[in-house]
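All chains should be built: construct the whole structure from the sequences, respecting the hints.
As they're listed, the protein sequences go chains A and B.
Counting in our numbering, the final residue of the first sequence is number 748, and the numbers go up one at a time with none missing.
Counting in our numbering, the final residue of the second sequence is number 324, and the numbers go up one at a time with none missing.
Don't read these hints as lab results, they were simulated from the structure.
Since this is a predicted model, take the numbers as computed values, not measurements.
One should not assume that every hint holds.
[What the hints assert, rightly or not] Straight-line alpha carbon distances no greater than 20 Å define the calculated SDA-like cross-link-like pairs of lysine to any residue that follow:
(1) A:Lys675 x B:Ala317
(2) A:Lys675 x B:Ala209
(3) B:Lys264 x A:Glu734
(4) B:Lys264 x A:Phe731
(5) A:Lys691 x A:Ser706
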Amino acid sequence: DQQVKQNSPSLSVQEGRISILNCDYTNSMFDYFLWYKKYPAEGPTFLISISSIKDKNEDGRFTVFLNKSAKHLSLHIVPSQPGDSAVYFCAAYFGNEKLTFGTGTRLTIIP
Amino acid sequence: GAGVSQSPSNKVTEKGKDVELRCDPISGHTALYWYRQSLGQGLEFLIYFQGNSAPDKSGLPSDRFSAERTGGSVSTLTIQRTQQEDSAVYLCASSDLYGGSGANVLTFGAGSRLTVL
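Shown next as structure tokens:
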């Protein structure tokens, strides 16, 4: 069962515009959500996290929004830059459990 | 070292052979994780270590897969009698389990790409 879902395999955005990446989850026990970014031939790198008791967390150009009633979170990148082109993974965990990842969204920033 | 180190970075092997993949976590990180990413797929959890013990092995796909961790540091993932469906990038990550930030942030290595012919 896919507890964390990223339904858009790919997304293209013009440089300078906002990129919005979406993630849905089914397990209401999750208490932390994280976004990772992955370049080819590299391991995923941590971007930003949000606790289940918050609805927004911001770090520079990156903002994560959490809607617990809809079991939905999104990552906003503004303004988008060419270096943001990568695969983005949404992940979640509860307690001391493992991090469960979505299938990823490939973001392409068009110059 | 400063990051998570994995070796080999690339491994090509013949079906039926055994392979060992090594992970050197960040010094002081008590938790160590193995994931794999098959072509076009997301990250699939394999096993998690807390110290030298593995509280969660639920992701190991079959009994051909095993892992150990010694001295609370280096870990080895062993795949016996490799099959073509084992071809994937095997990623290791470590964490210090909530070291102050609130979230359990895993730091990943660059991965070991395994190709089984």
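We went through each hint and held it up to the structure:
Taking the CA atoms of Lys675 of chain A and Ala317 of chain B, the gap is about 10 Å. The hint holds against a cut of 20 Å. In summary, the hint linking Lys675 of chain A to Ala209 of chain B is supported, as the alpha carbons are separated by about 19 Å, within the 20 Å threshold. The hinted pair formed by Lys264 of chain B and Glu734 of chain A meets the criterion: a straight-line CA distance of about 12 Å does not exceed 20 Å. In summary, the hint linking Lys264 of chain B to Phe731 of chain A is supported, as the alpha carbons are separated by about 17 Å, within the 20 Å threshold.
A threshold of 20 Å between alpha carbons decides the hint, and for Lys691 of chain A with Ser706 of chain A the separation of about 12 Å falls inside it, so the pair holds.
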